[in-house]
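Engineer: Chain residues, written in single-letter form:
Number of protein chains: 2
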Amino acid sequence: MTDLIARLGEAIGASHVLTDPHDLASYSVDWRGAYRGTPLAVVRPGSTAEVSEVVRLAHDSGVAIVPQGGNTGMCGGAVPSDDGSQLVLSLNRMRAIRSLDAGSATITAEAGVVLQELQSAAESVGMLFPVSLAAEGSCTVGGNISTNAGGTAVLRYGMMRAQVLGLEVVLPDGRVWDGLRSLRKDNTGLDLKQLFIGAEGTLGVVTAAVLALQPATPSRATAWVSLPSVSAAASLLSVLREHAGDWLSTWELVSRPALELVVAHGVPDPLTSEADWFGLVELAGPAGADVGSALEDALGAAVEADLVLDAAIAGSASQRTGLWSLRERVSEAQESLGPTIKHDVSVAISSLDDLVSRLAPALEAALPGVRPVIYGHVGDGNLHYNLSRPASLDPDEFLAHAAQLSTLVHDATVALGGSISAEHGLGSGKAATAASYKSDVEVDLMRAVKQALDPAGLMNPGKVLPLQ
Amino acid sequence: MTDLIARLGEAIGASHVLTDPHDLASYSVDWRGAYRGTPLAVVRPGSTAEVSEVVRLAHDSGVAIVPQGGNTGMCGGAVPSDDGSQLVLSLNRMRAIRSLDAGSATITAEAGVVLQELQSAAESVGMLFPVSLAAEGSCTVGGNISTNAGGTAVLRYGMMRAQVLGLEVVLPDGRVWDGLRSLRKDNTGLDLKQLFIGAEGTLGVVTAAVLALQPATPSRATAWVSLPSVSAAASLLSVLREHAGDWLSTWELVSRPALELVVAHGVPDPLTSEADWFGLVELAGPAGADVGSALEDALGAAVEADLVLDAAIAGSASQRTGLWSLRERVSEAQESLGPTIKHDVSVAISSLDDLVSRLAPALEAALPGVRPVIYGHVGDGNLHYNLSRPASLDPDEFLAHAAQLSTLVHDATVALGGSISAEHGLGSGKAATAASYKSDVEVDLMRAVKQALDPAGLMNPGKVLPLQ
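Protein sequences appear in the order of chains X and B. Per the UniProt record's numbering: the first sequence = residues 1 to 468. Per the UniProt record's numbering: the second sequence = residues 1 to 468.
It should be emphasised that the hints constitute simulated quantities derived from the structure, not laboratory data. Everything hinted at is true.
Beyond 12 Å from chain B on every Cβ pair, some chain X residues (computed):
{"id": "1", "residue": "Thr38"}
{"id": "2", "residue": "Asp60"}
{"id": "3", "residue": "Asp83"}
{"id": "4", "residue": "Asn92"}
{"id": "5", "residue": "Ala96"}
{"id": "6", "residue": "Gly266"}
{"id": "7", "residue": "Thr272"}
{"id": "8", "residue": "Arg320"}
{"id": "9", "residue": "Glu332"}
{"id": "10", "residue": "Lys342"}
{"id": "11", "residue": "Ala365"}
{"id": "12", "residue": "Pro368"}
{"id": "13", "residue": "Gln404"}
{"id": "14", "residue": "Asp411"}
Which bits of chain B does chain X cover? Going by a derived footprint, with three or more residues having C-beta under 8 Å, they are:
{"id": "15", "region": "161-172"}
{"id": "16", "region": "377-386"}
Using N, Cα and C, we set each Cβ at its ideal position, and we do this for glycine too.
Looking at chain X on its own, in the form it has when it is part of the complex (with noise of 0.2 Å):
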């Protein structure tokens, strides 16, 4: 290994070989601290031939990679094995917008631009890159694509998928492919770039991408609304669509205690309402565009449709920014509660009402005095069902529930057709999972494809797929 070291400093320098265990430490666990590993080096290559290189020498010395953009990811899919038999490959200099083009509404960045600097960029020419998410100031393009990255917008957006034009990747075995194409369409043969987005690093290195771009959206109309239920709350999306269209662009479900918790950490809350649950609505549009007339219509017809209870627009843009901080700081404000049992679950919409009404009694039949602090995105099926403990259970008591409290989130969620991770991926926290649900015939094709484009088993082993 040693050998392999010394030439992978011959080829991107030898600064950007890093393997001090001080240089290392950051590299070696995630955002949360919640997957840790140790890198037999971390490699900092600055270009696309360089990954190339480093890609080939590896694979030629039989030694795995793990691809690496701002390690905020939620399933460990960044975070090296604790054996110090893999690389960590950063992508973290490879931070250039190689172009952007206006008239043709696409932007082309390489993998560890992060995702501020790439709406910067989109704003600087008066347009929008819509994907947005809480790590946005440190996540990269690269792993918002390696990820399929979610977030708030995608009822109106779609995921990172749907943004992305084309793809450079450096295959398994250190070869470039070069498919960034700036095209809406392109039907000559297989889509190529899709096996590569979501698929987390396994099937090789992303490097670069090109990128849609979408008119800015500068005119906003936001609202906090209380609900009757969650049912209501699916049903409300329908009468926001009728009457909003395309301008409606958030739709996120909040649970009464997920509310109690924001206000009891500084949050005023607009309604003081008894309702149960809750919801932030925005709907954005180009200037101009009477976004604020059409909001109040679209409440007016869903109180008259008892699909609200309460409403409260926001009537400046401090409000605005009050009323997504009751979405937005939930996730930090539970911790006050201790340690969270994370869920990232998907179901269809008409099902959301489904799948909240069998979980409640379940769980706490399972562990009593169990606290689900549940927020998610109502227009894409996605709650974030998270559970913190009992006020009188002890914190590691509390975590020895966890699979089982967990196994009754997924069942559930599955028995009624859904998914077990929505938006945060499989890495390997959630790989072994994930294969259990599915059936033989989509884990063969899974590992088909694996062995196909990486038959050497080299790249992110044991993420997304458990090994076998």
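Based on the hints, put chain B in the right spot on chain X.
Structural biologist: Below, chain B without anything else, positioned relative to chain X:
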């Protein structure tokens, strides 16, 4: 083979296994009569289980299968070889809409459902299925998925791929992959459905799909515009988006010769402008949306910026139909000039002008008097760059130039980073041409996936990828 025919009859009923040459005729040739083959037999299974049984029997006999939907493709993808060795598997008995969930905005349809039936089903619950194309009265859901169909609303809603939430596929060995999920988000591993979309039946047979529906857009505003240049057409896209945002649903380009043909066929010209380029713009929004004002504002700004010379706005439904005819009847009107050499190319939107500017003199030099009749989808960078013969040239002599002229069109497109088949796919007609323009790495990747999923090479051989 008589043994296989007998077993197929036992599996799905002898009346659904056609071998009489008279019965085979309509399945042996595409709608244009451009591709012709000779099937071993035509099988018409009535369920997914029957498709599975047919594929398994053929697989075990080493007989190749050609899946066929509405048979309206442009590149021969659904036509068998002419040696009588291949089984045509028609999906036209699988016409059930299995479910429609308005609350989740999803519909589950079998492969043989005709696109227009799907659109009608969506309308029946006040929603929209947005894919729309000339063949919608006979093309099918399975074919639309297998060719990743485009059409006139891609600008706003994306291609068929963007509508697919879940798939059911019979794999090359007869196993059924049940991926019929109604989820907006599912990051539990490789997104296998992407493999089969646009694969033209070379990796398996799509038997059913879950498709997303959109909010209805009853408010419409439509205009016919004259333009100073193709470059103005591309710039106008930005202006339209800035003013109308997602309401912009159509921005179609028509060249002067194309317009003249349609007008000669009796469609009234609302502008009588001397311009070289024209276009159809449509905004569509929810009930009550003031699309008319938005269109007037946008066109006003465009005239101001010298991007539009003149405009006619439809004042009634019948005027709207008239404006649409100017675009929709080009293809039919061009037939009056004799045989057409068709191209379906795309480039980045900002390169459209470059493509047209390069091609005009090159084509004229190659065949003086050749008549380009161009129309296409500006928002997709997609032009149907079709050629008619010089008035003085015999049709057969013209067709003798087809390879030379197509090479010019394709070379120029690829030189600009474009695609030689934007929305029509490859079938047998363009498979070798597409491969000749692709890198070895890309062809290798496509072959690796094909080999992984269809090792026996029995699924629609020679389509998409040329036989080796």
